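Chemist: For the protein sequence lines, the chains are A and B, in the order given.
Counted from 1, the first sequence has number 219 at position 219 by my numbering; the numbering is strictly sequential.
Counted from 1, the second sequence has number 56 at position 56 by my numbering; the numbering is strictly sequential.
These are calculated hints, taken from the structure and not from any lab test.
Note that the coordinates shown come from a computational prediction; the quantities given were computed from them, not determined experimentally.
Among the hints, erroneous ones may be present.
The list treats identical chains as interchangeable, and a pair is accepted whether it falls inside one copy or across any two copies.
What the hints assert, rightly or not - Simulated crosslink set (DSSO-like; lysine-lysine; CA at most 30 Å straight-line):
no.: 1; residue 1: Lys437; residue 2: Lys139
no.: 2; residue 1: Lys432; residue 2: Lys386
no.: 3; residue 1: Lys114; residue 2: Lys141
no.: 4; residue 1: Lys181; residue 2: Lys312
no.: 5; residue 1: Lys181; residue 2: Lys319
no.: 6; residue 1: Lys181; residue 2: Lys107
no.: 7; residue 1: Lys115; residue 2: Lys181
no.: 8; residue 1: Lys50; residue 2: Lys181
no.: 9; residue 1: Lys141; residue 2: Lys115
no.: 10; residue 1: Lys139; residue 2: Lys124
no.: 11; residue 1: Lys50; residue 2: Lys67
no.: 12; residue 1: Lys114; residue 2: Lys67
no.: 13; residue 1: Lys114; residue 2: Lys312
no.: 14; residue 1: Lys114; residue 2: Lys354
no.: 15; residue 1: Lys437; residue 2: Lys50
Protein chains: 2
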Amino acid sequence: MWTRKGRLLGLPLTWCPSTLRGKGGDGLFKGRSNKSGLKVNEALLETAAKGQEVRVQGWVRSVRAQKEITFLNINDGSSLQNLQIVARSDLNIRGITFGSAVEIWGKLVQSPHKKQRTELLADKIRLVGACNPVNLPFKIKERHSLEYIRQFPHLRCKTNVFSSLLRIRSEASTAIHSFFKNNGFVHIHAPIITSNDCEGAGELFQIEPASRTAEKHENTHFFDVPSFLTVSGQLHLEVMTGAFTQVYTFGPTFRAENSQTRRHLAEFYMVEAELAFTESLKDIMEVMENLFKITTSHILSNCSDDVELFHKYIAPGQKERMEQMLKNSFQVLSYTEAIDILQRSTEIFKFEPKWGCDLQTEHENYLVQHCGNIPVFVVNYPYDIKPFYARDNQDHPQHTVAAVDLLVPGIGELCGGSLREERLDLLQSRLKELGLKDTYHWYEELRQFGSVPHGGFGLGFERYLQCILGVENIKDVIPFPRFSHSCLL
Amino acid sequence: MWTRKGRLLGLPLTWCPSTLRGKGGDGLFKGRSNKSGLKVNEALLETAAKGQEVRVQGWVRSVRAQKEITFLNINDGSSLQNLQIVARSDLNIRGITFGSAVEIWGKLVQSPHKKQRTELLADKIRLVGACNPVNLPFKIKERHSLEYIRQFPHLRCKTNVFSSLLRIRSEASTAIHSFFKNNGFVHIHAPIITSNDCEGAGELFQIEPASRTAEKHENTHFFDVPSFLTVSGQLHLEVMTGAFTQVYTFGPTFRAENSQTRRHLAEFYMVEAELAFTESLKDIMEVMENLFKITTSHILSNCSDDVELFHKYIAPGQKERMEQMLKNSFQVLSYTEAIDILQRSTEIFKFEPKWGCDLQTEHENYLVQHCGNIPVFVVNYPYDIKPFYARDNQDHPQHTVAAVDLLVPGIGELCGGSLREERLDLLQSRLKELGLKDTYHWYEELRQFGSVPHGGFGLGFERYLQCILGVENIKDVIPFPRFSHSCLL
Numbered sequence: 001m002w003t004r005k006g007r008l009l010g011l012p013l014t015w016c017p018s019t020l021r022g023k024g025g026d027g028l029f030k031g032r033s034n035k036s037g038l039k040v041n042e043a044l045l046e047t048a049a050k051g052q053e054v055r056v057q058g059w060v061r062s063v064r065a066q067k068e069i070t071f072l073n074i075n076d077g078s079s080l081q082n083l084q085i086v087a088r089s090d091l092n093i094r095g096i097t098f099g100s101a102v103e104i105w106g107k108l109v110q111s112p113h114k115k116q117r118t119e120l121l122a123d124k125i126r127l128v129g130a131c132n133p134v135n136l137p138f139k140i141k142e143r144h145s146l147e148y149i150r151q152f153p154h155l156r157c158k159t160n161v162f163s164s165l166l167r168i169r170s171e172a173s174t175a176i177h178s179f180f181k182n183n184g185f186v187h188i189h190a191p192i193i194t195s196n197d198c199e200g201a202g203e204l205f206q207i208e209p210a211s212r213t214a215e216k217h218e219n220t221h222f223f224d225v226p227s228f229l230t231v232s233g234q235l236h237l238e239v240m241t242g243a244f245t246q247v248y249t250f251g252p253t254f255r256a257e258n259s260q261t262r263r264h265l266a267e268f269y270m271v272e273a274e275l276a277f278t279e280s281l282k283d284i285m286e287v288m289e290n291l292f293k294i295t296t297s298h299i300l301s302n303c304s305d306d307v308e309l310f311h312k313y314i315a316p317g318q319k320e321r322m323e324q325m326l327k328n329s330f331q332v333l334s335y336t337e338a339i340d341i342l343q344r345s346t347e348i349f350k351f352e353p354k355w356g357c358d359l360q361t362e363h364e365n366y367l368v369q370h371c372g373n374i375p376v377f378v379v380n381y382p383y384d385i386k387p388f389y390a391r392d393n394q395d396h397p398q399h400t401v402a403a404v405d406l407l408v409p410g411i412g413e414l415c416g417g418s419l420r421e422e423r424l425d426l427l428q429s430r431l432k433e434l435g436l437k438d439t440y441h442w443y444e445e446l447r448q449f450g451s452v453p454h455g456g457f458g459l460g461f462e463r464y465l466q467c468i469l470g471v472e473n474i475k476d477v478i479p480f481p482r483f484s485h486s487c488l489l
Numbered sequence: 001m002w003t004r005k006g007r008l009l010g011l012p013l014t015w016c017p018s019t020l021r022g023k024g025g026d027g028l029f030k031g032r033s034n035k036s037g038l039k040v041n042e043a044l045l046e047t048a049a050k051g052q053e054v055r056v057q058g059w060v061r062s063v064r065a066q067k068e069i070t071f072l073n074i075n076d077g078s079s080l081q082n083l084q085i086v087a088r089s090d091l092n093i094r095g096i097t098f099g100s101a102v103e104i105w106g107k108l109v110q111s112p113h114k115k116q117r118t119e120l121l122a123d124k125i126r127l128v129g130a131c132n133p134v135n136l137p138f139k140i141k142e143r144h145s146l147e148y149i150r151q152f153p154h155l156r157c158k159t160n161v162f163s164s165l166l167r168i169r170s171e172a173s174t175a176i177h178s179f180f181k182n183n184g185f186v187h188i189h190a191p192i193i194t195s196n197d198c199e200g201a202g203e204l205f206q207i208e209p210a211s212r213t214a215e216k217h218e219n220t221h222f223f224d225v226p227s228f229l230t231v232s233g234q235l236h237l238e239v240m241t242g243a244f245t246q247v248y249t250f251g252p253t254f255r256a257e258n259s260q261t262r263r264h265l266a267e268f269y270m271v272e273a274e275l276a277f278t279e280s281l282k283d284i285m286e287v288m289e290n291l292f293k294i295t296t297s298h299i300l301s302n303c304s305d306d307v308e309l310f311h312k313y314i315a316p317g318q319k320e321r322m323e324q325m326l327k328n329s330f331q332v333l334s335y336t337e338a339i340d341i342l343q344r345s346t347e348i349f350k351f352e353p354k355w356g357c358d359l360q361t362e363h364e365n366y367l368v369q370h371c372g373n374i375p376v377f378v379v380n381y382p383y384d385i386k387p388f389y390a391r392d393n394q395d396h397p398q399h400t401v402a403a404v405d406l407l408v409p410g411i412g413e414l415c416g417g418s419l420r421e422e423r424l425d426l427l428q429s430r431l432k433e434l435g436l437k438d439t440y441h442w443y444e445e446l447r448q449f450g451s452v453p454h455g456g457f458g459l460g461f462e463r464y465l466q467c468i469l470g471v472e473n474i475k476d477v478i479p480f481p482r483f484s485h486s487c488l489l
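Chain A on its own, in the form it takes in the complex (with noise of 0.2 Å):
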């Protein structure tokens, strides 16, 4: 933290506004400046703990008194690790609970025990905020499930397992941005609002504003036509391949699905790139596997004990089964050779595999299995099922274009990409066809200045954090998770 070393980071001191402020201004400000201080991850990491004066913040997570002493454990959310305080019993420390907010003053030293580096002796302890473990819905020493937690959304990030999830879910975050950052591509801020209505994508949210809804103008809309949450950001993606050969969005989507299962939610991330001068499927599944590899790669060295947590508690096994679909190479298999593979399988489906038909999860969760439980790309899908961006191979007599799903073990689908359909008289002819002529003039035009062959993916976010970690829910790998009949706080 910037504040303990007197200067920011790559700052140059002379712009430190505390050290050149200073006089005058300080007659405005009630209560005491935050200077100073250790995070409970600073401290555990102190190599050299002599005794050194240091002040710490968190939440109680543990209290273990003894005749002469107590015993904190103190979190503060920058590790899953906890600090040891040693109390004397001079010490006032009434009122500290499990739950409590305190500051605590002490002495920094090497602990006896093996299993921390350092402890602190305390000096002094403030109750800064107090809690009543009775009216806590979590309780002290309990492993409550993911399940029980989701009913406390204000609450969950209080325990071990969703803070765990939210560092993950950061960290994931500055890998994803640092692999495309890393590789030349440029963040493009895709839309949320968009007019685009008919990409089939799944049912859409429309907006307004709150008044007009309930003044029913039922005719009028506030942007002129009617608006919509987007569901990819693919299509505008796109127009950026005008002018730059690769870029990228990772930002929310929606969908307005009435689907309650494990792997939907109506608002989630998605992580979508679109690369120009590109003309085999090829390239598109390098970026989707090495994305897939470095940002798991980083997370796992980043978030050890967090990742740790996951794969020794919630999801036995899973660190075995997430070596195994990193040290291998994806699959590839042909949609005909999986639709094949289906047919023969001894496997008894709900729905029949056939081609044309779109895969189900059922089919999916066996391909993976089939390949050893490794992820595996289907190419090549029926041209019938899929959306009118997707590029003609001109094959025949099963006419297919060049599309690609990623299938993971335990998800299914994780990503989805395609080539987009470059040539201007393929692309009028179809758009001719499904009489979406008018909407997608824009898009058209895209293909008269310069086009060039490119192609893209998405990759769901919230699959990719259940894939790495194992966790069952969906619901449980968001923040504030939304979907039919939900959208707490």
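Place chain B on chain A using the hints.
Modeler: For chain B alone, coordinates are given in the frame of chain A:
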């Protein structure tokens, strides 16, 4: 780019899919793989250009035909600079015009020209996508106004100025994430859809499934309750300060206001941060000032060419104004002092400055000028004009709260923040007073389980870009602007 070097950044070779997969799978793919090749910015930076064979892809920015030789300038979005291609007269360049997409193989050599380090002696040129310059709304060598190019949201990335803007925006996002990560903040995705409807931050967009809107199910809702697009992630970040000491979010926020000013959008991006164990506004302001200065300094050093384009052609004098902002400490005024300054000025205001009323843009601009055209913090606003969560200063006779706005030259309000009321009794009585007690029961509960003094702020990302680049209209710093009567694409 990774494909050129045959392996991905930081990735062991054994993970590289294209080298491992190879056999067998190839039959599935059409088209050639996008292997080898150099980006324009890489080609320009090549210090040891001695005729090595390379391939470059991009769009033609100019064609200059001489008797023996044709010069092409190629841009691929990797930088503002173009790569000069030298084409002998025996090469086929039929159909290659301003705007076409091309692929060129040749030898990279030192350039005889001062302005560029390298140029490409072409051996082969392929027209990838033609362009009829007559139909393209942008003309070669013409400098179009921002207002003009704004009419073509699907094509404007093809202009120098807008591709520079997009690179700067991408780099600014990176800088902001780095700032928070380097300083120990955890990144939280605050929800976009929320059931909070009364924060008083402006008019809301309401959402329902498109099918439901049409069918006019009046008293049922997809989420069972009315739901809206977020105006701020603050309350959700406050949830997280129950377990993390520093959190932030960076995402889209929305206002359904019918305003068409140069500073307002219906969809815009906010950076919001929240700090636990914070008892002074000063700590919040320190983060605001450092975020501004460090991010700006990062952009200036990583996007110097792109920024220079704005400072030279769009906003002359902006460079010097930026330097002023960066090298001086931001000023601090209390709201009461600010009103006093405004009342004593000889300026004629449209709105009379009066204690107890909000500052208008004209007031904000006057205060910034009064302080020497550097950013100014205004602190301690009247209790009655700030939202319920602002912390009561319990002063009198002029009752204020610990809130702060940051005003910047040319823009006015860039950031707003406050300490939050962490004292349960004061919060409860205020919520009761405002009739919000039932809605914010969960928010009250945050104050019952280890509540800590905390505070935070939000920064308008587009206004920030306007401020550093000197761009007059907010619609010119976002890829796809949404405002009343307009939602193109």
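Chemist: Indicate, hint by hint, whether the structure satisfies it.
Modeler: Consistency of the hints with the structure:
no., hint, verdict
1, Lys437 - Lys139, "between (60 Å within a copy, 27 Å between copies)"
2, Lys432 - Lys386, "within (16 Å within a copy, 54 Å between copies)"
3, Lys114 - Lys141, "within (21 Å within a copy, 71 Å between copies)"
4, Lys181 - Lys312, "between (33 Å within a copy, 27 Å between copies)"
5, Lys181 - Lys319, "both (28 Å within a copy, 27 Å between copies)"
6, Lys181 - Lys107, "between (42 Å within a copy, 28 Å between copies)"
7, Lys115 - Lys181, "between (38 Å within a copy, 27 Å between copies)"
8, Lys50 - Lys181, "between (41 Å within a copy, 29 Å between copies)"
9, Lys141 - Lys115, "within (18 Å within a copy, 68 Å between copies)"
10, Lys139 - Lys124, "within (27 Å within a copy, 72 Å between copies)"
11, Lys50 - Lys67, "within (26 Å within a copy, 79 Å between copies)"
12, Lys114 - Lys67, "within (23 Å within a copy, 81 Å between copies)"
13, Lys114 - Lys312, "within (21 Å within a copy, 62 Å between copies)"
14, Lys114 - Lys354, "neither (60 Å within a copy, 64 Å between copies)"
15, Lys437 - Lys50, "neither (74 Å within a copy, 50 Å between copies)"
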